[in-house]
Structures are given as C-alpha cells and as structure tokens.
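The numbers in my numbering rise by one with no breaks, and the one at position 282 of the sequence shown is 282.
Honestly, the hints are just simulated from the structure, not real lab data.
Heads up, a few of these hints could be off.
Mimicking DSS-like on lysine-lysine, the simulated pairs with C-alpha atoms at most 30 Å apart in a straight line are [claimed, not checked]:
#  : residue 1 : residue 2
1  : K227      : K214
2  : K274      : K217
3  : K130      : K258
4  : K227      : K243
5  : K198      : K265
6  : K163      : K214
7  : K130      : K66
8  : K272      : K70
9  : K214      : K130
10 : K10       : K164
11 : K243      : K217
12 : K224      : K214
13 : K198      : K214
14 : K232      : K130
15 : K163      : K198
16 : K232      : K204
17 : K243      : K205
18 : K200      : K217
19 : K204      : K214
20 : K258      : K274
21 : K272      : K57
22 : K204      : K217
23 : K163      : K66
24 : K243      : K258
25 : K205      : K227
26 : K68       : K217
27 : K10       : K217
Here are the in silico distance ranges between beta carbons for each label pair [claimed, not checked]:
#  : residue 1 : residue 2 : range
28 : P284      : P28       : 42 to 48 Å
29 : K163      : H273      : 24 to 30 Å
30 : H273      : Q236      : 37 to 43 Å
31 : E257      : L18       : 39 to 45 Å
32 : E129      : K217      : 22 to 28 Å
33 : S285      : E56       : 28 to 34 Å
34 : E6        : S285      : 38 to 44 Å
Since the model is a prediction, treat every value here as computed from it, not as a measurement.
The C-beta atom is built at its ideal place from N, Cα and C for all residues, glycine as well.
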Amino acid sequence: MQPTTEWIDKMNEATFNLDERNPHMNHPCIHEYLDYYSFNLVNFDLYQCGHVCSHEKDIFIQAFLKTKAKGTVLFVHGYLDHSGGLSRTVNNLLANGYEVVTIDLPGHGFSQGESGTIAAFDEYVEAVEKGDRFIRDRLQRSRVIGLGHSTGGAILFHAASEKKVLLERLILVAPLYFPYRWNLVKGTLKMLGKYIPKQKRRFKKNSQDLLYQKFIKQDPLQVKWLKSDWMKAMEQWQHYIIKCPVLTIPVYFLQGEKDTTVDWKKNVHFYKHKCQNLQVAIFPSGRHQLLNEREEIRILVHERMRSFLNSV
C-alpha cells in the first residue's frame, strides 16, 4: 500500500482546537490519520487533538479518553518514530481500561521542528512537561502513568527524576542511554559529522513482525534522515543525565536481548542505579521495537505491562 499524502498536508495546514470533542467527526483528515495507523475508534469514548506551544514549537497532542478509566497513560515514542507508529499499544491500553495521551516529540510526526534533530534534549523534556500539564490542567486528571519507548522512555525518566512531571509509576521499553556500539559511533561522528551532517536512514530489522517491517518503510511520518546534530545533543544529554536524582516511584523496564539499537546491558545497569524501585523483564527473542514485535512476543509484552499497571 503506497501512502497518499493529501491528508498529511491537511493535518499540517489545519489548526485544531484541543478542546473540540471528537474532531475526527468533523475533519476528514484526522479520521484518515486515525484509520491509516489503525487506531481502534471503538475503544475510546472521547478523542481530542491539537497543539501546545513548547520551546516556540507547536507540539502535537492526542487524547484517547474513557468515561471510566483506571488511569491516564502519558505515552511518548522513540527517536525517528511518532505516536501513530505505536497504535497497537494505544489500542491495547484502551481495551484494558486505561486512557492514553500521546505527544509527538519536536521534529517528529505532526510536531514542529527540524525533522529528526534537536538543539538540546531539554526541548524534549519541556514537550513532555507540556503533555503532563495538559493532562492535569485541561483534562483534570490526577493519576498519571508514564510509558516511553527508547528516547521517549529516557525523556520521561529524566523529567520524572527532576519532578518536572509527577508520575505515579513509569514503564520504560528499551529506553535510551547508550546506543549500540556507542564508542565506535561516537568516534565516527566526531571525525565525519562536520563533513556529512546527515545521512539517509537505513531501516534496521528492529522487529521480527514482517508486516511491521514492510509498513514502517512506507510510513510517511517516519523520519527519513539521520542528523549528526542529534547525536551531539544526545552525547551532551548523557553527561547531564548521569547527575540526575534517583527516581523513587515504581519503574518497570522491558528489554529485548536481540536489541541492536541500544546497548541494553549498559542501559539496564544505568537505570538500576537511577531507579530505587525497579523491576526488569527480559525478552530473549525481542528486538528494539518490543511494542511492534511479532505477535507472540508483543502479547507477552502487553501482558507484563498490564500486570504492572494493575498491581497496587
């Protein structure tokens, strides 16, 4: 299926009121977006979407709300991805009684910013803060649970450790700290980054789900170029995050052993020292995209997440 981009252009051109109820009923482009990424419209009672301003950029927020919810999950995607790419997990959370608020990080999805890069990770942290504030001030929700994949997990951890967001608990799925073979990548970056500021993205097999592998290559909202500036910003963030306070809320860390995007062993070690109340679940066959892995792994991942969320 080759994607058509007319609805994307309309989404980028439109100004949506975050207080409008079920705007997909009045704006065909929103309905096409939700349909393209297979969001299950039956599982939520109210939908809202629009932008909030963060660091002089418009950040795209979506709220999939329920009349009676067990809690509200603030869900943040990883680098190069966007909220639509994680619709399977949104659908699963909704089906199990949780409502979900997603944000597209700056430079991703329908949020403003240069595609795939950032001046400093503080911009990501501020975007997550605005998402948390939207939940508390606009939606009047008090029980907020964080869920982040890869870079999204790292940013939620950062914001929660400094109490910039007040989470009841946090789920980290293959969170970023050290990328895979980071020392080699870092050395290459320092040598070549000034001469080759960007390179075309090569889609790694981060999942064993063949349909997902095919879909992600055609996904019109995936970031297509890797920027050396992003890697520099990440390195600066690493020096900062090592000094952040220890997080005391319950944290659940889900990680695949076949992950070749992050150096997962070093990352588990880091988060064990930075999270006072940490549980770790390892999936021997899982790759980086645990939330979009082949069905038997994905079902187990969602079951483990649900058990953690439902625990007292």
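Going through the hints against the structure:
no.: 1; hint: K227 with K214; verdict: holds, 23 Å
no.: 2; hint: K274 with K217; verdict: violated, 35 Å
no.: 3; hint: K130 with K258; verdict: violated, 34 Å
no.: 4; hint: K227 with K243; verdict: holds, 26 Å
no.: 5; hint: K198 with K265; verdict: holds, 28 Å
no.: 6; hint: K163 with K214; verdict: violated, 39 Å
no.: 7; hint: K130 with K66; verdict: holds, 21 Å
no.: 8; hint: K272 with K70; verdict: holds, 28 Å
no.: 9; hint: K214 with K130; verdict: violated, 33 Å
no.: 10; hint: K10 with K164; verdict: violated, 33 Å
no.: 11; hint: K243 with K217; verdict: violated, 37 Å
no.: 12; hint: K224 with K214; verdict: holds, 15 Å
no.: 13; hint: K198 with K214; verdict: holds, 24 Å
no.: 14; hint: K232 with K130; verdict: holds, 24 Å
no.: 15; hint: K163 with K198; verdict: violated, 34 Å
no.: 16; hint: K232 with K204; verdict: holds, 21 Å
no.: 17; hint: K243 with K205; verdict: violated, 33 Å
no.: 18; hint: K200 with K217; verdict: holds, 13 Å
no.: 19; hint: K204 with K214; verdict: holds, 11 Å
no.: 20; hint: K258 with K274; verdict: holds, 24 Å
no.: 21; hint: K272 with K57; verdict: violated, 34 Å
no.: 22; hint: K204 with K217; verdict: holds, 10 Å
no.: 23; hint: K163 with K66; verdict: holds, 27 Å
no.: 24; hint: K243 with K258; verdict: holds, 29 Å
no.: 25; hint: K205 with K227; verdict: holds, 20 Å
no.: 26; hint: K68 with K217; verdict: violated, 37 Å
no.: 27; hint: K10 with K217; verdict: holds, 22 Å
no.: 28; hint: P284 with P28: 42 to 48 Å; verdict: holds, 44 Å
no.: 29; hint: K163 with H273: 24 to 30 Å; verdict: violated, 19 Å
no.: 30; hint: H273 with Q236: 37 to 43 Å; verdict: violated, 20 Å
no.: 31; hint: E257 with L18: 39 to 45 Å; verdict: holds, 40 Å
no.: 32; hint: E129 with K217: 22 to 28 Å; verdict: violated, 33 Å
no.: 33; hint: S285 with E56: 28 to 34 Å; verdict: violated, 43 Å
no.: 34; hint: E6 with S285: 38 to 44 Å; verdict: holds, 39 Å
Going through the hint list in order, the structure does not satisfy hints 2, 3, 6, 9, 10, 11, 15, 17, 21, 26, 29, 30, 32 and 33.
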